[in-house]
Amino acid sequence: MPKVELRKRALVIEDIYHEGGPVAATPYRRAAILSVIKNPFAGRFVEEIESFSNDLKPLGLEMAKALIDALGGDPSKIEGYGKGAIVGSAGEIEHGALWHAPGGYGMREALGGALAIVPSAKKVAGAGARLDVPVTHKDASYVRSHFDSIEVGLADSPRADEILLVLAMTTGPRVHNRAGGFKASDIKVKDGLR
Amino acid sequence: MKAKIRKLVTIVEETRRELDREVDPPTRRAAAIAVIENPFAGRYVEDLSELIDIGEELGALLAEKAVAALGITGGQAQSYGKAAAVGENGELEHAAAILHPKLGAPVRKVLEKGAALIPSSKKRGGPGVALDVPLGHKDAAFVRSHFDGMEVRIADAPRANEILVAVAITDSGRPLPRVGGLKSDEIKGVDGLR
Numbered sequence: 001m002p003k004v005e006l007r008k009r010a011l012v013i014e015d016i017y018h019e020g021g022p023v024a025a026t027p028y029r030r031a032a033i034l035s036v037i038k039n040p041f042a043g044r045f046v047e048e049i050e051s052f053s054n055d056l057k058p059l060g061l062e063m064a065k066a067l068i069d070a071l072g073g074d075p076s077k078i079e080g081y082g083k084g085a086i087v088g089s090a091g092e093i094e095h096g097a098l099w100h101a102p103g104g105y106g107m108r109e110a111l112g113g114a115l116a117i118v119p120s121a122k123k124v125a126g127a128g129a130r131l132d133v134p135v136t137h138k139d140a141s142y143v144r145s146h147f148d149s150i151e152v153g154l155a156d157s158p159r160a161d162e163i164l165l166v167l168a169m170t171t172g173p174r175v176h177n178r179a180g181g182f183k184a185s186d187i188k189v190k191d192g193l194r
Numbered sequence: 195m196k197a198k199i200r201k202l203v204t205i206v207e208e209t210r211r212e213l214d215r216e217v218d219p220p221t222r223r224a225a226a227i228a229v230i231e232n233p234f235a236g237r238y239v240e241d242l243s244e245l246i247d248i249g250e251e252l253g254a255l256l257a258e259k260a261v262a263a264l265g266i267t268g269g270q271a272q273s274y275g276k277a278a279a280v281g282e283n284g285e286l287e288h289a290a291a292i293l294h295p296k297l298g299a300p301v302r303k304v305l306e307k308g309a310a311l312i313p314s315s316k317k318r319g320g321p322g323v324a325l326d327v328p329l330g331h332k333d334a335a336f337v338r339s340h341f342d343g344m345e346v347r348i349a350d351a352p353r354a355n356e357i358l359v360a361v362a363i364t365d366s367g368r369p370l371p372r373v374g375g376l377k378s379d380e381i382k383g384v385d386g387l388r
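So the sequences go chain by chain: A and B. With my numbering as the guide, the letters of the first sequence map in order to residues 1 to 194. With my numbering as the guide, the letters of the second sequence map in order to residues 195 to 388.
Misleading hints may appear alongside valid ones.
[Stated by the list, open to error] For the chain B half of the interface with chain A, some residues (derived, Cβ under 10 Å), not all of them:
#	residue
1	199
2	201
3	318
4	322
5	344
Simulated from the structure, these hints should not be mistaken for lab results. Beta carbons are placed, not taken as given, at the ideal position from N, Cα and C, and that holds for glycine.
This is chain A alone, in the form it adopts within the complex (with noise of 0.2 Å):
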């Protein structure tokens, strides 16, 4: 199996007070960490790689964790989140769908719970790729407020032999939201949807 060798750990916080309009009396804050590893299966065609995926169990819930300390501490303050992998440019696609399940885990786990869908992004790509990584209401994908995304990258990863992951997470609905649509207020059904 596999161990997961860690090269770079980054973490980006953004308060935003406003975009135009009115200054929000609290910042809409979003923030990604980003962990980049080296990728195993890197130069290779390898058949069996789903048991990576158990192995990033421990680093998606350090990086969950993590974040949530970056953004205060409280996990009920989170309401937004998303995830997403760039892979270097001598792995595959597939190796950074590798990420879908500890990412997704990591967040649940350290929310305390989470019902949605996490929204994902992923490329195959070259040091300094960018990657806007979708983000979404944690309890209802419909919630239209919190539809938003946080652009990632770092200038010397991931290199080719590696993979760039990313965890996302937001404190609440865009700093102007006017568009309209479900509210999160509204949230009844808990099927991760409405």
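Following the hints, put chain B in place on chain A, whose structure we already have.
Chain B alone, transformed into the frame defined by chain A:
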């Protein structure tokens, strides 16, 4: 505050490995970035004192944010740098007004010292432009292990009428430094050079 802040972004990077070598303790650097309105966008203004005062405010705010993000005391900081990116309706001189006359003193106050010049860079660019913030040892500019740079960028900034202002602070030099020169334990830290 004189500065009209739209957004604050904090980035922390922690490097744990380089190639096959462990970096122990990991090197860490942080950048705190403010996205502010450019009060002089779109017109030539002779007297830039408003931006000079804004630089003073931001020096304190951003240095405090970066030190807090690293979880260290100001005195534990080892190197620093500053940079600004002016949106397309501004002048390079606007970045100079923020960075050079008054931003440094409050940064040094937060760091408890800072005999060395704060290395800087500036440019004009559109949203998402990459800004390379130069880094140098805070008490002795010749410390070779601490010559470095940190790339920062924010996807939606600077807008045409905005300025992005960054202060970067580290608690370490480069990972695995080995190109000789003046070492941090050899400095006097009086003249800012050695």
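For each hint, the structure was consulted:
no.: 1; hint: 199; result: holds, 6 Å
no.: 2; hint: 201; result: holds, 5 Å
no.: 3; hint: 318; result: violated, 20 Å
no.: 4; hint: 322; result: holds, 8 Å
no.: 5; hint: 344; result: holds, 9 Å
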